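Novice: Below, each chain spelled out in residue letters.
6 protein chains.
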Amino acid sequence: MSIAIYPGSFDPITNGHLDIIERGSKIFDELIVAVLQNPSKKYLFTMEERIEMIKDAVKHLPNVEVDYFNGLLVDFARKRNAKIVIKGLRAVSDFEYELQMALMNKKLYKDLETVFIMTSTKYSFLSSSIVREVASFGGCVKDLVPPVVEEKLRQKFALKN
Amino acid sequence: MSIAIYPGSFDPITNGHLDIIERGSKIFDELIVAVLQNPSKKYLFTMEERIEMIKDAVKHLPNVEVDYFNGLLVDFARKRNAKIVIKGLRAVSDFEYELQMALMNKKLYKDLETVFIMTSTKYSFLSSSIVREVASFGGCVKDLVPPVVEEKLRQKFALKN
Amino acid sequence: MSIAIYPGSFDPITNGHLDIIERGSKIFDELIVAVLQNPSKKYLFTMEERIEMIKDAVKHLPNVEVDYFNGLLVDFARKRNAKIVIKGLRAVSDFEYELQMALMNKKLYKDLETVFIMTSTKYSFLSSSIVREVASFGGCVKDLVPPVVEEKLRQKFALKN
Amino acid sequence: MSIAIYPGSFDPITNGHLDIIERGSKIFDELIVAVLQNPSKKYLFTMEERIEMIKDAVKHLPNVEVDYFNGLLVDFARKRNAKIVIKGLRAVSDFEYELQMALMNKKLYKDLETVFIMTSTKYSFLSSSIVREVASFGGCVKDLVPPVVEEKLRQKFALKN
Amino acid sequence: MSIAIYPGSFDPITNGHLDIIERGSKIFDELIVAVLQNPSKKYLFTMEERIEMIKDAVKHLPNVEVDYFNGLLVDFARKRNAKIVIKGLRAVSDFEYELQMALMNKKLYKDLETVFIMTSTKYSFLSSSIVREVASFGGCVKDLVPPVVEEKLRQKFALKN
Amino acid sequence: MSIAIYPGSFDPITNGHLDIIERGSKIFDELIVAVLQNPSKKYLFTMEERIEMIKDAVKHLPNVEVDYFNGLLVDFARKRNAKIVIKGLRAVSDFEYELQMALMNKKLYKDLETVFIMTSTKYSFLSSSIVREVASFGGCVKDLVPPVVEEKLRQKFALKN
Numbered sequence: 001m002s003i004a005i006y007p008g009s010f011d012p013i014t015n016g017h018l019d020i021i022e023r024g025s026k027i028f029d030e031l032i033v034a035v036l037q038n039p040s041k042k043y044l045f046t047m048e049e050r051i052e053m054i055k056d057a058v059k060h061l062p063n064v065e066v067d068y069f070n071g072l073l074v075d076f077a078r079k080r081n082a083k084i085v086i087k088g089l090r091a092v093s094d095f096e097y098e099l100q101m102a103l104m105n106k107k108l109y110k111d112l113e114t115v116f117i118m119t120s121t122k123y124s125f126l127s128s129s130i131v132r133e134v135a136s137f138g139g140c141v142k143d144l145v146p147p148v149v150e151e152k153l154r155q156k157f158a159l160k161n
Numbered sequence: 162m163s164i165a166i167y168p169g170s171f172d173p174i175t176n177g178h179l180d181i182i183e184r185g186s187k188i189f190d191e192l193i194v195a196v197l198q199n200p201s202k203k204y205l206f207t208m209e210e211r212i213e214m215i216k217d218a219v220k221h222l223p224n225v226e227v228d229y230f231n232g233l234l235v236d237f238a239r240k241r242n243a244k245i246v247i248k249g250l251r252a253v254s255d256f257e258y259e260l261q262m263a264l265m266n267k268k269l270y271k272d273l274e275t276v277f278i279m280t281s282t283k284y285s286f287l288s289s290s291i292v293r294e295v296a297s298f299g300g301c302v303k304d305l306v307p308p309v310v311e312e313k314l315r316q317k318f319a320l321k322n
Numbered sequence: 323m324s325i326a327i328y329p330g331s332f333d334p335i336t337n338g339h340l341d342i343i344e345r346g347s348k349i350f351d352e353l354i355v356a357v358l359q360n361p362s363k364k365y366l367f368t369m370e371e372r373i374e375m376i377k378d379a380v381k382h383l384p385n386v387e388v389d390y391f392n393g394l395l396v397d398f399a400r401k402r403n404a405k406i407v408i409k410g411l412r413a414v415s416d417f418e419y420e421l422q423m424a425l426m427n428k429k430l431y432k433d434l435e436t437v438f439i440m441t442s443t444k445y446s447f448l449s450s451s452i453v454r455e456v457a458s459f460g461g462c463v464k465d466l467v468p469p470v471v472e473e474k475l476r477q478k479f480a481l482k483n
Numbered sequence: 484m485s486i487a488i489y490p491g492s493f494d495p496i497t498n499g500h501l502d503i504i505e506r507g508s509k510i511f512d513e514l515i516v517a518v519l520q521n522p523s524k525k526y527l528f529t530m531e532e533r534i535e536m537i538k539d540a541v542k543h544l545p546n547v548e549v550d551y552f553n554g555l556l557v558d559f560a561r562k563r564n565a566k567i568v569i570k571g572l573r574a575v576s577d578f579e580y581e582l583q584m585a586l587m588n589k590k591l592y593k594d595l596e597t598v599f600i601m602t603s604t605k606y607s608f609l610s611s612s613i614v615r616e617v618a619s620f621g622g623c624v625k626d627l628v629p630p631v632v633e634e635k636l637r638q639k640f641a642l643k644n
Numbered sequence: 645m646s647i648a649i650y651p652g653s654f655d656p657i658t659n660g661h662l663d664i665i666e667r668g669s670k671i672f673d674e675l676i677v678a679v680l681q682n683p684s685k686k687y688l689f690t691m692e693e694r695i696e697m698i699k700d701a702v703k704h705l706p707n708v709e710v711d712y713f714n715g716l717l718v719d720f721a722r723k724r725n726a727k728i729v730i731k732g733l734r735a736v737s738d739f740e741y742e743l744q745m746a747l748m749n750k751k752l753y754k755d756l757e758t759v760f761i762m763t764s765t766k767y768s769f770l771s772s773s774i775v776r777e778v779a780s781f782g783g784c785v786k787d788l789v790p791p792v793v794e795e796k797l798r799q800k801f802a803l804k805n
Numbered sequence: 806m807s808i809a810i811y812p813g814s815f816d817p818i819t820n821g822h823l824d825i826i827e828r829g830s831k832i833f834d835e836l837i838v839a840v841l842q843n844p845s846k847k848y849l850f851t852m853e854e855r856i857e858m859i860k861d862a863v864k865h866l867p868n869v870e871v872d873y874f875n876g877l878l879v880d881f882a883r884k885r886n887a888k889i890v891i892k893g894l895r896a897v898s899d900f901e902y903e904l905q906m907a908l909m910n911k912k913l914y915k916d917l918e919t920v921f922i923m924t925s926t927k928y929s930f931l932s933s934s935i936v937r938e939v940a941s942f943g944g945c946v947k948d949l950v951p952p953v954v955e956e957k958l959r960q961k962f963a964l965k966n
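Chains as they are written, first to last, in my numbering: chain D, 1 to 161; chain Y, 162 to 322; chain V, 323 to 483; chain P, 484 to 644; chain E, 645 to 805; chain R, 806 to 966.
Worth flagging that the hints you see were computed from the coordinates, not collected in a lab. Be careful, since some hints might not be right.
[To be verified] Quick list of in silico lysine-lysine cross-link-like pairs, DSSO-like style, CA-CA up to 27 Å:
1) R:Lys888 <-> P:Lys605
2) R:Lys847 <-> E:Lys766
3) R:Lys860 <-> P:Lys524
4) V:Lys381 <-> V:Lys432
5) R:Lys888 <-> E:Lys727
Remember, it's a predicted structure, so these values are computed and weren't measured experimentally.
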């Protein structure tokens, strides 16, 4: 059985992430969305909020599970018995950073393969940070994030609709 | 009448910016240099100083105006009735970031077009941050910035000449 | 009055080209689609066919004209009294080639500015050569090219629909 | 059951290709190496030779099959009932071309996903064309290709060892 | 006599740095490893620790010297009478940043040439920041850094072996 | 004594090549400009013409020699007892191709180092092929090539001045 991990900060989950999750869930038997808690990083949403929003957004996908980790991805992969990491690629700068991470992870855990899926062109401009920025200035983020995230952002900021 | 906006932090304006402004002012009927005030960012120069330096540098260009905004560029464009944003491209990394911003802005404001002009090769290495760094160590920034900016930097730091 | 040239081989025109033409026609007073005839290159369609297909595709745009040239773009621009060249950018490799051409053209004709517009993400994968290849194997090119081009390709190859 | 296609010219197969095949065969239940015959391209080896060399190189991998196609990859994928295409990525230029192909293929066959694996760094410089060039000048290609390919190249050219 | 400077933060020195130093020391008569102290940056290791680790790692290379600087690289180069700067390139993003720095440095000191060496593919994923991150989570950094650095990191963090 | 090779087709030599030669001749004790004759490639100028033009352009540089080779660069380097190859970098696409060649050459000849110098920004758009194209249409190539090359191109084509 093929188990794949889709790691990220998901602060918050966007429609671009969701697109990768839906497509990945068709390729692999089981997909674990793994939310990273990096102690030296500041988040807009707490770990609990980020997990809750993802769970709501993926509830139609029976073979997708949501988990979290802090520390090294390779340790989490070993613990969860997963040998595949899935990542979305949008642009050349993504590509180089992700290549570096994939090589480092393979160095630390020889059996771990990273596979890449191209993000849908309609989400190629989308990132959590751009969503946070637009929402912080009251811009409309409908079409960019799942409804539950739009609602949560509305509570944090004053959003147009 | 074509009205174009040239947005940026301009902390401080460089000869690379000025090159884009001069060329943009020949292409469009009116060019608005729009200085961004991002509350979460620290600047070397105050908004007033940045505006004053730009006004001095563009005073020979009758169809160029200097304004400022905080918040979303698309809201400023709507307010100023402008449908064109102009950006300078120096390198591949610029290109990807600017592409992302252009797509996001088009998503938020369908009629807004971003047009790109290649920065002159002689300014391809130039940025406000590299100017600030060189000046902070007392390096010579003549040829890199308009005279008024060199003078202002001299007041902030001890500059060679 | 701002006159812009949009040069290319257009062998054949695609919906990606048409998107740039429509957006360019809103930015500039007049847009000249300039079809290149390079004697050392082989085309699928003759110059006459390429011009005819473009004319049909842009007939709803009153300020767009179709012309052709062989030789240097700068000579054509001088002849047509145009000081702006418009190009679509899809990817990093486009960017570098177009930058090189823009700099060379500016070297040969100091007053000529090249402005770039980002291709719509939904056409970011599209090129005339990929259309020719798909059509040559009988693939469906609807949504990729204007109807008149689809019909013309159907006559050249056996197309599915 | 997940069936993946690994398409290419394989003129000839290199150790870089073999690395992708071995890793892909661990991720998916079945992997079809699909040799492309493009009528408008000249090959060093015939289709039969290319298939024979791949079969020899992958004989230790029970879930890998070798097949061929001419025409569109999407038609081959439909025929073989495969919904996954696997590609190796070495560099940024690969990335952009492969992204374009992946998007086009998805346009032509909505259910077809392209997944990318990073080529091992030790093969990042390797391509069939560089192998052909080195061999044509009598350079040593051991370590770059499987033994059977080295032998075949030796027969075509005068190789050092 | 050719004197080259290899500048960097070296926080800490990695096997990738060491590879560049060893190869650079064969090309030039004298190589000065120049450790940068940027007052506005936070380091994991003090200047003394960074210098000590480099000195230990390069002790087998008679024409390599370790020095430090704060301020502009061009001022340090003038002081040390060096006209060559050596840099390692791993990726496209390195390339653009380093190109910008090389052009700026040439602008500030006309006789200063920057030469680039490609990092060995086996170290292409390696950086000081990734070493610090892995070590901070207790990951194994053997093979990534010289033994003296591994030991030092062990003292700072709890490392697996 | 450091001997460096600067290989290329030089069809014809441009001011960009000359810039690299002049700067390389200051870094290394001896610089060999090595003109490649690839039997499968068509050139505008014969080997004799290309060598003659380079010799004229570098006659002010006492430590620069002009030679030619066909076959592998590594065999030529061994024959000439050179352990350094010098290449100019203009753009990201150069970078990737040159990286691939440098790694392949190092694979074939372990002691051979490739060092890269950034091309002057004022020549960043310049290539032999763009010079041939401009000259073939009668464009002015003064400032782009040494005078001897301009004269030779004038004889081949009808050049403006």
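Novice: All hints, please: hold or fail.
Specialist: To see whether the hints hold, each was checked on the structure:
1. A distance of roughly 22 Å separates the Cα atoms of lysine 888 of chain R and lysine 605 of chain P; the hinted pair therefore holds under the 27 Å criterion.
2. The hinted pair formed by lysine 847 of chain R and lysine 766 of chain E fails the criterion: a straight-line CA distance of about 37 Å is larger than 27 Å.
3. This hinted pair does not check out: lysine 860 of chain R and lysine 524 of chain P have alpha carbons roughly 39 Å apart, beyond 27 Å.
4. The suggested pairing of lysine 381 of chain V with lysine 432 of chain V is violated, with an alpha-carbon distance near 33 Å, which exceeds 27 Å.
5. A hinted pair counts as satisfied when its Cα atoms are at most 27 Å apart, and lysine 888 of chain R with lysine 727 of chain E qualifies at roughly 21 Å.
Hint compliance for this structure: hints 2, 3 and 4 are broken, all remaining hints hold.
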